[in-house]
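Visitor: Below, each chain spelled out in residue letters.
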Amino acid sequence: MSTLVKQDNIGDLVNQPVNGFDSLRSIAKNSFNEQGLPRLKSEEYKFTAITKKIEASISNFSQASAVEVSMESVNSATFSGFEGAKLVFSNGVFQPRLSDEIEGVAISLLSANESIPLGSIAKPEKDPFAALNQASFQDGVSIVIPKKTKLAQPILLLFLNSISEGQIVQPRIWIEGGDFAEATFIEQTVNLTETSLFVNKVVEIKGGINSHLHYYRIQNEGKNYIEASNIETDIQKDSTFSTVLISLSGDMIRNNLSLNILGSNSEGNMYGLYLLNGKSHVDNHTNVDHTVAHAESNELYKGILADQSRGVFNGKIFVRQDAQKTNAFQQNNNILLSEDAVINTKPQLEIWADDVKCSHGCTTGQLDEEALFYLQARGIGKTQAKGLLLYAFAGEVLEHIGDEAFKTYCTKLVEERLGAKF
Amino acid sequence: MSKDNQILEELTSKEYEHGWSVNYEVDEAPIGLSEDTIKWISAKKEEPTWLLDWRLKAYKTWLSMDEPKWANVHYPKIDLQSLKFYSAPKQSKKPKNLNEVDPELLDIYKRLGINLNEQKRLQGIAVDAVLDSVSVATTFKDTLSKLGIIFCSFSEAVKEHPELIKKYLGSVVPITDNYYAALNSAVFSDGSFCFIPKGVRCPMELSTYFRINAANTGQFERTLIVAEDESYCSYLEGCTAPQRDENQLHAAVVEIYAGTHAEVKYSTVQNWFPGDKEGKGGIYNFVTKRGICAGDHSKISWTQVETGSAVTWKYPSCILKGDYSIGEFYSVAVTNNYQQADTGTKMIHIGKNTKSRIVSKGISAGKSQNSYRGQVQVMKRATNARNFSQCDSLLMGDRCGAHTFPYIDINNPSAKVEHEATTSKIGEDQIFYCNQRGIATEDAVALIVNGYAKEVLNQLPMEFAVEAQKLLALTLEGSVG
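These protein sequence lines are chains A and B, in that order.
Residue numbering for the first sequence is 665 to 1086, as defined by the working numbering.
Residue numbering for the second sequence is -18 to 462, as defined by the working numbering.
If you are wondering where the hints come from, they were derived from the structure by calculation, not from laboratory data.
Don't take each hint at face value.
[What the hints assert, rightly or not] Calculated pairs, DSBU-like style, for lysine-lysine (alpha carbon to alpha carbon, straight line, at most 30 angstroms):
| # | chain 1 | residue 1 | chain 2 | residue 2 |
| --- | --- | --- | --- | --- |
| 1 | A | Lys705 | B | Lys327 |
| 2 | A | Lys980 | B | Lys58 |
| 3 | B | Lys258 | A | Lys989 |
| 4 | A | Lys887 | A | Lys943 |
| 5 | B | Lys50 | B | Lys26 |
| 6 | A | Lys790 | B | Lys333 |
| 7 | A | Lys1046 | B | Lys58 |
| 8 | A | Lys790 | A | Lys980 |
| 9 | A | Lys710 | B | Lys41 |
| 10 | A | Lys1021 | B | Lys348 |
[Claimed, not checked] From the structure, some residues in chain A lie toward chain B, with a derived Cβ separation under 7 angstroms:
| # | residue |
| --- | --- |
| 11 | Val733 |
| 12 | Leu1000 |
| 13 | Ser1002 |
| 14 | Lys1010 |
| 15 | Glu1014 |
| 16 | Ile1015 |
| 17 | Trp1016 |
| 18 | Asp1019 |
| 19 | Lys1021 |
| 20 | Cys1022 |
| 21 | His1024 |
| 22 | Cys1026 |
C-beta atoms are modelled at their ideal positions from N, C-alpha and C, and glycine is treated no differently.
So here's chain B without its partners, still in its complex pose:
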């Protein structure tokens, strides 16, 4: 009860608490997108030729593609030519360790509640902090490297472990995959790379914190996680952005590779700026996330709490290639005001005896639209595939919408696939029960919503779960009555 009290207490009149921005000197790419922009980014990052070629190939593919229109979201056309594709804080030289990082930048993360100072940290989480287009710091690198774990920024990995990047980059999300994945492949600036060698169980949570600070800039980061046979890691992703009037674009790609008996758990708490009450501003979040269970008995688990961004378009997926592999997707998507979310997952069963589980909880309030779009595909050879999907929607207010678009395609007779969905609102009797016991309506809603989302929140690592609960309450604030 004490935790709930704390959450309720924090239900103050604050709106988006990470809406501030900081001025610092920046290195920026010229406005617009062309081959030259890509060459400029590549040169800036001192990349090898093979990577530049790969980018240019992606750019050529992208030129031939059209923006996807099938999602249940509406937004004005994004003018990519008016965006900056690279923006980085100016640093005189590359910092060797945390002490050399510009204190002003460290301060940004401190304000966000992310302490990059290793000594002061109690929780065992290694963080890669990404600001606009570059990674500013990665903590606990030494501790991890003793175990053979590589956890660093993407640009660093390109320089130091080119063989790994060459092998895995684009292996799960090919450049031809979709419009935004191709765009990301052409212009991605930085991101995190994580490699867990065979048989190693990563002792701490790995985490990337994305922050967009600069205006008129798109953030295109790329995350690649490789878990070799019999390894384990849990990965967290957090994001925030300043409150600005114009919309900003975030088009990331996340690729996960899991070998035999490997397990990867990927958790996201999305807290981009969702736009103000009139629906002005906010982040366009067009992300491609996919993992492949390449080896037998491997497991990939996605957990997401979506509260931010004006428009979300995101389908973390699992390709269950190895026999006995498992894919999981747990999601809470909350939309308020004018937010629009079209999110869900894809479970592609290829191997025998593969299992997948989908739990999606949508909450729409205000004038928002919340869609679940998912696909469960059982291929011909996927004998004994098993899937269970549950997608529930909770509606608050009579101006919002909840939509479900589940695609279920079965090509094997031994498959067992179940899908169920419900839509309802918070019962008046439930609110009345709380009121009767002295809990104000708004607090009661927070309580009920947390209970509704518990099944998903339970999947999050401890620190994130607390954060997510607070976030849920905050997002829905003012949506009652």
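Just chain A, same shape as in the assembly:
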């Protein structure tokens, strides 16, 4: 779909030699050259001029490599109340020295095991940024949770970025959950420098039979943060995969989240909340592919947009011919708080099977005047009442976070934002 453009600086990254995964890198390079960087004419990036944004904020592109990070900064970056194992990344590169070891889980640098089929889930031909990452990532991590291993505590993926002008951070993660495995991942990014930066992240998750994986994320990196992320998951039969994404700030963020349901009796849940102000631009593209019968997917994305922020939501649900008896639900609700806020939403259903129940809904509106009046009539000030109602609106997403500490942390940030804003 993308129009082919003359390769500029950031595209040149694919030509820089990196060791390891030679054949996978060359496939990705070809795929990237074929697609080019997305421009506005590209349907998938219609409302998100991310290439333009990167070019306007960053120049002299180069690949960031890991820098020395102290244990203190790791500890202070970790959100309060976290209990579990930490995996630390410096400028996208995994740091075993700073990371915890987890009993029963095999954690290794990608470079240590070239047989990992990178790109088999997040295919480079699907998105130019996925291709760019695969062609030029420095080193990533592989996390393998063996069969029947149930992790009681979550794993924190802590990305610390400390870069100088023009450096691009490209984390690459491969997660494998064996049959009957259970695990929770939390992703947090902390910028230690103020420089504008571009993060191009790819996470591939492979779930086994009857596996139960959860992936929670928070994006709150301030106005100089540009990100393109591709997170794609394959799940087999009898398994569940749930994800919650809380976006609170950022210059321009594009999240591609895809779930391929490859076995029956599985369930996929995707929840998202984008609470934006200033000039933040957050674009969520989700994709659920039902390829087999008897599976279920739920999707709920909610947005509150203030100031000159912009929200984009594009949710695709594919129900293939063999995916009879599928139940797929998708909902996107938005509240616009200012004259200059914009929302572009496109809930898309593509259905080839007849015995299915699929629905999507999408609303854009304001706070209910009557609800506001009700609260005011009971002596709650207008500002507070508004905050309360907005919090209730956002709460529907927050409640799906399974980890208590992370939930408390996110809830506090949302409360602060809504209280401060109104």
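Assemble the complex: chain A is given as a structure, and chain B must be docked to it using the hints.
Guide: Same frame as chain A, now just chain B:
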């Protein structure tokens, strides 16, 4: 119940009932498209220079455009150079009234169930009958002209009311709009023109009946409806074509202008030849339809029942420019066998307190693909805009597809926009309930589908609603079991 019985009775083994064709002498443009073809058409129609210039400008624009590829339809590339762009029944002189029209042509319409003889007509509908590239007859002209209403063929309007045509032609759908609109602007042959003066409420339904008869011919007609302030009219469009093995192209443009407090209701029952069971033949229907609610409190309502054509690509739209203006879109799109439909609407909210409502019901059966593609856009100044969209799909059989592509773009915080969509199939319990009461499965399906589409069918004028119900049953025939 009696009406339903009648519908069920007509569920016989017939396929496409309007598939016949008639041989008559014709005037045809040479095959292919070039500046000369356009000049030939223009000369044939004795058009003024300004219109020829306008056509040539459109042709130049068209040359620089590419065929749109984004629609969810697949068809072999159309070779425009092998088409004839003009085909008209030969008439020795221009008929002054119906009595002078070639009886053979009148007979075609009689067979289609459209009686052009005013005396014999009971229903109050004025008809403009378009055969291939020209309008053959327009009824009730005199009655309408007493009220100041102009209802005639497009070519006649160009000659008699050039000032109106000049003012409104291309004002809603500019020649640069899209590939097929530009093509239509360059080569359009005829169509209907309708003008309702200020304060007049049109007493009867106005109607155009399009019939493609000739082979290897594209039909490019242009309809322009102008409703001045405080006027009202209801407009019907019907279409059929003979059953032929090769695909035929139909690329029309419809423009509607509604002034302050004016209301226009546009209803279409599309019954082009959809191709046979193997997907051979059928009409390619690439149509641009758009209305502008230019004045405050104006209203444009589109109702469509799509059963025909092999490939449909059509988005009747409303530009809600006037404050408090209203746009409506009601659609039932049925696809069977190998039909493909990519249809929907665009509601562009520009004025304050504008409202729009979209109800789209898709039914796919056989191996067909049915897509809803719609856009609701609320501009920055459109305070208090309100939209409600509902698009439901019904799937029959496991080889068909239903797709929804709704684009919702909001730039104003006071907008209230809701969109909901569901996809499902006819419940086994519903069929069982009917079976139990002695209704055969096929009849039960017809019954349930009619109930499903009722919300849209109710919007159609009476005569059309009955027709549409029959059509629905017929299109879906054989799709069960």
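Visitor: Confirm or reject each hint.
Guide: Here's how the hints hold up against the structure:
| no. | hint | in the structure |
| --- | --- | --- |
| 1 | Lys705/A to Lys327/B | holds (20 angstroms) |
| 2 | Lys980/A to Lys58/B | holds (28 angstroms) |
| 3 | Lys258/B to Lys989/A | holds (28 angstroms) |
| 4 | Lys887/A to Lys943/A | holds (8 angstroms) |
| 5 | Lys50/B to Lys26/B | violated (33 angstroms) |
| 6 | Lys790/A to Lys333/B | violated (41 angstroms) |
| 7 | Lys1046/A to Lys58/B | violated (61 angstroms) |
| 8 | Lys790/A to Lys980/A | holds (14 angstroms) |
| 9 | Lys710/A to Lys41/B | holds (28 angstroms) |
| 10 | Lys1021/A to Lys348/B | holds (20 angstroms) |
| 11 | Val733 | violated (42 angstroms) |
| 12 | Leu1000 | holds (4 angstroms) |
| 13 | Ser1002 | holds (6 angstroms) |
| 14 | Lys1010 | holds (5 angstroms) |
| 15 | Glu1014 | holds (5 angstroms) |
| 16 | Ile1015 | holds (5 angstroms) |
| 17 | Trp1016 | holds (4 angstroms) |
| 18 | Asp1019 | holds (6 angstroms) |
| 19 | Lys1021 | holds (6 angstroms) |
| 20 | Cys1022 | holds (4 angstroms) |
| 21 | His1024 | holds (5 angstroms) |
| 22 | Cys1026 | holds (4 angstroms) |
When each numbered hint is compared with the structure, violations occur for hints 5, 6, 7 and 11.
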